[in-house]
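J.: Based on the sequences and whatever the hints tell you, model everything.
Listed in order, the protein sequences are those of chains A and B. So the first sequence is numbered by our numbering: it starts at -5 and just counts up by one. So the second sequence is numbered by our numbering: it starts at -5 and just counts up by one.
Hints may contain errors.
The calculated lysine-lysine pairs, modelled on DSSO-like cross-linking and capped at a C-alpha distance of 27 Å, are [said to hold, decoys possible]: (1) A:Lys146 with B:Lys2; (2) A:Lys2 with A:Lys65; (3) A:Lys236 with A:Lys381; (4) A:Lys46 with A:Lys65; (5) B:Lys355 with B:Lys408; (6) A:Lys2 with B:Lys146.
If you want the ones that stay clear, here's a sample from chain A, every Cβ over 12 Å from chain B, calculated [what the hints assert, rightly or not]: (7) Arg29; (8) Ala54; (9) Gly239; (10) Ser329.
None of these hints come from the bench; they were simulated from the model. All C-beta atoms in this analysis are idealised placements derived from N, C-alpha and C, irrespective of residue type, glycine included.
Number of protein chains: 2
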Amino acid sequence: MMRTRPLKVALLGCGVVGSEVARIMTTHADDLAARIGAPVELAGVAVRRPDKVREGIDPALVTTDATALVKRGDLDIVVEVIGGIEPARTLITTAFEHGASVVSANKALLAQDGAALHAAAEQNGRDLYYEAAVAGAIPLIRPLRESLAGDKVNRVLGIVNGTTNFILDKMDTTGAGYQEALDEATALGYAEADPTADVEGFDAAAKAAILAGIAFHTRVRLDDVHREGMTEVTAADFASAKEMGCTIKLLAICERAEDGASVTARVHPAMIPLSHPLASVRGAYNAVFVESDASGQLMFYGPGAGGAPTASAVLGDLVAVGRNRLGGTTGPGESAYAALPVSSMGEVVTRYHISLDVADKPGVLAQVATVFAEHGVSIDTVRQQGKDGEASLVVVTHRASDAALGGTVEALRKLDTVRGVASIMRVEGE
Amino acid sequence: MMRTRPLKVALLGCGVVGSEVARIMTTHADDLAARIGAPVELAGVAVRRPDKVREGIDPALVTTDATALVKRGDLDIVVEVIGGIEPARTLITTAFEHGASVVSANKALLAQDGAALHAAAEQNGRDLYYEAAVAGAIPLIRPLRESLAGDKVNRVLGIVNGTTNFILDKMDTTGAGYQEALDEATALGYAEADPTADVEGFDAAAKAAILAGIAFHTRVRLDDVHREGMTEVTAADFASAKEMGCTIKLLAICERAEDGASVTARVHPAMIPLSHPLASVRGAYNAVFVESDASGQLMFYGPGAGGAPTASAVLGDLVAVGRNRLGGTTGPGESAYAALPVSSMGEVVTRYHISLDVADKPGVLAQVATVFAEHGVSIDTVRQQGKDGEASLVVVTHRASDAALGGTVEALRKLDTVRGVASIMRVEGE
Ligand SMILES: NC(=O)c1ccc[n+]([C@@H]2O[C@H](COP(=O)([O-])OP(=O)(O)OC[C@H]3O[C@@H](n4cnc5c(N)ncnc54)[C@H](OP(=O)(O)O)[C@@H]3O)[C@@H](O)[C@H]2O)c1
Ligand SMILES: NC(=O)c1ccc[n+]([C@@H]2O[C@H](COP(=O)([O-])OP(=O)(O)OC[C@H]3O[C@@H](n4cnc5c(N)ncnc54)[C@H](OP(=O)(O)O)[C@@H]3O)[C@@H](O)[C@H]2O)c1
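T.: Structural data, given as structure tokens:
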């Protein structure tokens, strides 16, 4: 069965992920060969700093000219683990034009240019696989794209960023504030020196765009994803969450509207009940819930990042793409036939937890309740707490649209008796 | 892109699972067509009782002659959801011989004859897919076979039978005994009139054989799986488990030996710590942990049975197999190249919780400890409880082989001071 000609693989990038890909390609060479049906050969490694010592990598394979590498014309598979938009994008399209299939872990690029990259792959009759781009080692893209291909997915709800989950978990378990927890995450290597992409939700938003597109067989652009970071979550928010039997997670949520005619995708911190399986996802782990018509609720859990776990996902794709090459075929490409519109955040329906600082005098609750009623937002529970002439009102609503809630809050701010809106947080997973 | 010739699908069996497959094929016809690239047409439905009213099924398609149906010669895909060994086995091989690919949910058959069926598929250049055979809707076979194809799986540990999990969960949460919990499971439709296959672990053992084979790229026969049912788990066992911060689950465990040179597969009740994610799997849900070199720990969770969830898995396979047909290719077949020997239960290494009824007199503990030491089984903790001249000793061991533990227990039974061995339970998931 075994072909003698090896599959030639070029590695673009040899950092956290790439070095692990190279390592496993060497240590597990026999297994990979048996599973693909042909040996794989590392044909070249493109990096920025050619002189860096890279254990286990033949220096003769290392180059700084990634473009020349992908233009060689004899490559079967290009593994792109450089990250960012350029030069990754041009290198990938050049690889397709020169006959290679591509495996990438690049969520930022896939979320921004997935459609064009898929088109380039299809035009050249090549594969574009990127399991590693979402939730690291956790098999998610393949299950959504293939295992659930006979089902109708209605909702994807998950923790897809390990850095922020580490920070929020710290805040929850130790009572630390955001900055303190971030400092610890940085010290332990869970957060980068510039944590913006994680804590402002950009990374999770890219993953949400990718997941929504695959789950709903439609195109969801990065700009379509409503994004709120978690830098403003406070210890007080965690205290409020606890009182409700909840914790706070940064969630990526992709939903099909109830009438099935549109979808939404969003990233924001939210309270979820402690009884929800996502509530007990600790540290830098990721987990994703998928709800479908026939299969009901599925959950996928595992390490969402790290060199080795991400390399595992890359290599799973490498085996699949390698098998496709040998079989002269390609796997499933982009599936965007449903072409559903993406609704704006205003149409998202969920529950809310709102803390108001109010004057401690009679009639305030009635005033506040009237504002909610006027905006069609129905109240589930209210808790009133008075101290020193000041008082706070904690309102938890029934399901309402983001637009209706926004209107309510705007009107509340105009009430004389409302001194301020201390916090607004969505309540999910019920 | 859409071909006009539809893919012809025959349904063998139209019971709990088959009727849902037929329903979804009708209601989701457009989506299936878009995802496969050609419409699917239900070409025939084989059942035992032709006159039973079957909602949504054209009576003209129904036949009792399954053999004639699979011999038609114009079928693209045969979906086997009859169950059991015969006639399912002959029907599947006949289907291959007449040019069809096969999707099956039949764990009993796959565990017993998987190798021969895979060979028949390969000989005829056809696909054999069976995601639904293990853990219902949960994508598990595809992730193991494809997503983790670039990794080295060392362990699969899971709850793969919903009926027994329902019963154990009831015993745990209500303090009920086995019979009482079984009666409730039967009344609620979670257990069949004859629950033997579930409660004696036959169903889980079939799944363990399938999972071990795929995870370790080797052949594991049903006979290779050590199997113990859960009918002898008592309320007292749950009380002991609780004292240790554990609960009891019926686990399927597939392991690679530490030296990598052999594998084991087993099904038995075991204590697992409450902090382990499998401990909180409630009711009839299933969940499977997978541990690999690079990816670390992954977990897959969802409904392990039921008509619609199982049909979701069947239809996912149908889409994949349909795409392969259109592309003139086949997916990954059996991967048994590793050809690892399956070790016997004696070589399995784990921890044990042992309750002994002993005479309440000085020196008993020393005697008992000596027996453990003589057999090379190291003790982690001992708890001694005396009441009315009788006493009990609860011993929790460090990791030891099943053979060593067996020898220890045999020797303990011969001690005058040991009145009886009240229970032995393995401790997993630590
Ligand atoms: N790290 C994770 O846990 C993780 C998880 C999931 C997905 N990902 C994704 O995987 C990708 C790689 O991440 P990483 O953490 O491995 O990044 P990294 O450690 O920063 O490595 C980047 C690599 O790309 C090389 N490189 C940078 N610019 C280049 C250029 N212009 N030409 C050639 N090589 C260039 C670097 O070369 P030098 O070695 O010479 O600097 C380095 O080897 C990103 O898309 C990331 O989002 C990462
Ligand atoms: N039920 C689940 O939750 C579940 C989950 C995972 C996997 N599975 C697997 O799925 C398969 C089907 O299970 P099920 O629960 O759907 O079984 P079921 O409800 O008993 O249905 C069996 C079907 O097969 C038909 N049948 C029986 N003998 C036949 C024969 N000789 N020729 C033609 N048709 C025959 C029956 O016909 P009549 O309708 O005329 O009786 C019935 O339609 C089994 O392999 C099972 O292990 C089931």
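J.: Would the non-interface assignment of A:Gly239 survive a Cβ cutoff of 12 Å against chain B?
T.: Label holds. Min Cβ-Cβ 16 Å, cutoff 12 Å.
J.: Given the proposed pairing of A:Lys2 with B:Lys146, does the C-alpha separation stay at or below 27 Å?
T.: holds (22 Å)
J.: Verify that the Cβ of A:Ser329 lies farther than 12 Å from every Cβ atom of chain B, and report whether the claim holds or is violated.
T.: violated (6 Å)
J.: Are the Cα positions of A:Lys46 and A:Lys65 separated by 27 Å at most?
T.: holds (24 Å)
J.: Is A:Lys146 close enough to B:Lys2, meaning Cα to Cα at most 27 Å?
T.: holds (22 Å)
J.: Quickly compare the C-alpha distance for A:Lys2 and A:Lys65 to 27 Å and report which way the hint goes.
T.: Given that 27 Å is the threshold and the Cα spacing comes to 13 Å, the pair holds.
J.: Is the Cα-Cα distance between A:Lys236 and A:Lys381 27 Å or less?
T.: holds (20 Å)
J.: Minimum C-beta separation from A:Arg29 to chain B exceeding 12 Å: can you confirm that?
T.: violated (5 Å)
J.: Far enough from chain B: is every CB of that chain over 12 Å from the CB of A:Ala54?
T.: holds (25 Å)
J.: Between B:Lys355 and B:Lys408, is the straight-line Cα distance small enough, at 27 Å or below?
T.: holds (17 Å)
The structure shown violates the earlier hints numbered 7, 10.
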